[in-house]
Amino acid sequence: MPAVGERIKKRRNELGWTQDVLAKKAGVSKGFLSDLENGKRNVGADTLHDIARALTLSLDYLMAGEKGETGPPSEVQIPASLADFAARAGISFRQALMLLEMQNQIVAHRSSTKKENLDKVDWQKFYEAVKDFLQ
Amino acid sequence: MTRLDQEPDVVALARELGLRGNPVEAVVRFCEKRVGRWADDHGGVETVTALEQLVADRLQLVFEDVCSDGDLKRIIAKYVTQREGVFAALPDKLDPTTFGLTIKRKHFGARSGGKYVAVIDCRGEKGTRRFFTRWHEIAHLLVLEKELDALVRRSSHDPIERLMDEIAGRIGFYEPLFGPVFDGQHKRGLLKLKTIEAIRNAYCDNASFQATLFACQRRMTTPVIYVEAELKYKADEERRLRSKQRKFFSDDRPVAKLRVGMTVPNQAAIDQNIRVVQNMRVPEESIVHKLHTNPSAEQASGKENLGSWEFSDGTSLPDRIVWVDARKAGDRTIAIVQPTK
Numbered sequence: 001m002p003a004v005g006e007r008i009k010k011r012r013n014e015l016g017w018t019q020d021v022l023a024k025k026a027g028v029s030k031g032f033l034s035d036l037e038n039g040k041r042n043v044g045a046d047t048l049h050d051i052a053r054a055l056t057l058s059l060d061y062l063m064a065g066e067k068g069e070t071g072p073p074s075e076v077q078i079p080a081s082l083a084d085f086a087a088r089a090g091i092s093f094r095q096a097l098m099l100l101e102m103q104n105q106i107v108a109h110r111s112s113t114k115k116e117n118l119d120k121v122d123w124q125k126f127y128e129a130v131k132d133f134l135q
Numbered sequence: 001m002t003r004l005d006q007e008p009d010v011v012a013l014a015r016e017l018g019l020r021g022n023p024v025e026a027v028v029r030f031c032e033k034r035v036g037r038w039a040d041d042h043g044g045v046e047t048v049t050a051l052e053q054l055v056a057d058r059l060q061l062v063f064e065d066v067c068s069d070g071d072l073k074r075i076i077a078k079y080v081t082q083r084e085g086v087f088a089a090l091p092d093k094l095d096p097t098t099f100g101l102t103i104k105r106k107h108f109g110a111r112s113g114g115k116y117v118a119v120i121d122c123r124g125e126k127g128t129r130r131f132f133t134r135w136h137e138i139a140h141l142l143v144l145e146k147e148l149d150a151l152v153r154r155s156s157h158d159p160i161e162r163l164m165d166e167i168a169g170r171i172g173f174y175e176p177l178f179g180p181v182f183d184g185q186h187k188r189g190l191l192k193l194k195t196i197e198a199i200r201n202a203y204c205d206n207a208s209f210q211a212t213l214f215a216c217q218r219r220m221t222t223p224v225i226y227v228e229a230e231l232k233y234k235a236d237e238e239r240r241l242r243s244k245q246r247k248f249f250s251d252d253r254p255v256a257k258l259r260v261g262m263t264v265p266n267q268a269a270i271d272q273n274i275r276v277v278q279n280m281r282v283p284e285e286s287i288v289h290k291l292h293t294n295p296s297a298e299q300a301s302g303k304e305n306l307g308s309w310e311f312s313d314g315t316s317l318p319d320r321i322v323w324v325d326a327r328k329a330g331d332r333t334i335a336i337v338q339p340t341k
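Which chain is which? The protein sequence lines are A and B, in order. Numbering of the first sequence is given in my numbering, commencing with residue 1 and proceeding in unit increments. Numbering of the second sequence is given in my numbering, commencing with residue 1 and proceeding in unit increments.
Bear in mind the hints are in silico, worked out from the structure with no lab data behind them. Where a beta carbon is used, it is the ideal one built from N, C-alpha and C, also for glycine. Incorrect hints may appear among the rest.
[Said to hold, decoys possible] Partial pick of chain B residues on the chain A-facing surface, computed with a CB cut under 8 Å:
#, residue
1, K33
2, R58
3, F99
4, I103
Kindly produce the complete structure, drawing on both the sequences and the hints.
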């Protein structure tokens, strides 16, 4: 799987990491990583996921060369409910973005109630709770 | 294939992970494999608590248990002083229906702890779900970051959340640790509730009885059906009661009866088409019904014929002699139902 190996090597070099560093971060042996980068070994999805996570790349990118890093998208979509709230409350665009960013920090939520998406978030309550930190 | 296997979100997640075959099983195996590899690299683990710690370390995850309002205040203070303002919203976010949530920190480093903080609400009755909720939060982190990035607040009805429960049930009862405990307590024959209690005590007394029951049920190669009975209305009665237009006279107001609130068959029961149907009435002659209506008894067991369990239209389940082991659990009665030979 030379293309995968090339992408791993390219990203590792971009980060200025040695094979040792990446091997430790991804929990694989240096020998395995070296073989992988040189296209001499195949890799399972779980191991590739660990490597992708260490390199902050998406699995899609590592596997197929599609899409980029797992970092924030260049265009932020503000939910309509947040935009409405921001207009009513007179908060700035920057503060609305910060509010959205904070909400998105909650990455998993185990609840027994019905599904709720970003448009159902009670932005007023959330704003009241965190407004001291929107600086 | 189960219904969960056909849910678009579950299929998409399996595809994103580069997995083929039955999506649920493939994603669960993917997670088991990751955890297994970490355990092997570590030289093995001896307890489920050690396994949880190992997995949390690998995922850069820190747990914070909220056992009291004081705990919540302490946790909020701890993280907001580290510039994590989102923690200030915890009193609102941890509403009565929320068991736990995981927060990705903006500011973290070697000194300040993990990249993720899972806040587990253990106050009141939620405490019984602590073990499973922790593994549920771990399950989220075991699958793609991409899945996490797209994650919004979900409920136990959501397919991805059901998949996370599936993963939590399998990883939390990690086979190399759970298998020997199960085999040590259950030699052969029918599974009994007291055996499940003994397995729970031996494996991890923090695990809930229900979570342990499901793990034992999954391991059984003979049919085992879990049944939870409670006072409920028929579906159309429920609809009428909810209707704002309909008013009831005192003599036509529906009466709640003991019905199946939840039922979970294991794979062997599915394969042999042995089932109990959700919301069907529990017959008065059933051991489950007798126990539920007997205020002085806490548990009961014995044989009965599933053919006496009838549907509203007068049809019934096929004749089959089953052994029922039941106990009370709050306002419900839970039971395991197994065919006798």
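Each hint tested on the structure:
1. Restraint check, B/K33 versus chain A: the minimum CB separation of about 5 Å is within 8 Å; hint holds.
2. Evaluation of the B/R58 hint against chain A yields a held restraint, the C-beta minimum of about 7 Å falling below 8 Å.
3. The interface hint given for B/F99 holds, since its Cβ lies 5 Å from the closest Cβ of chain A, which is under the 8 Å cut-off.
4. Satisfaction of the interface hint for B/I103 is found here, the shortest Cβ-Cβ separation to chain A being roughly 5 Å, below the 8 Å cut-off.
Going through the hint list in order, the structure satisfies each hint without exception.
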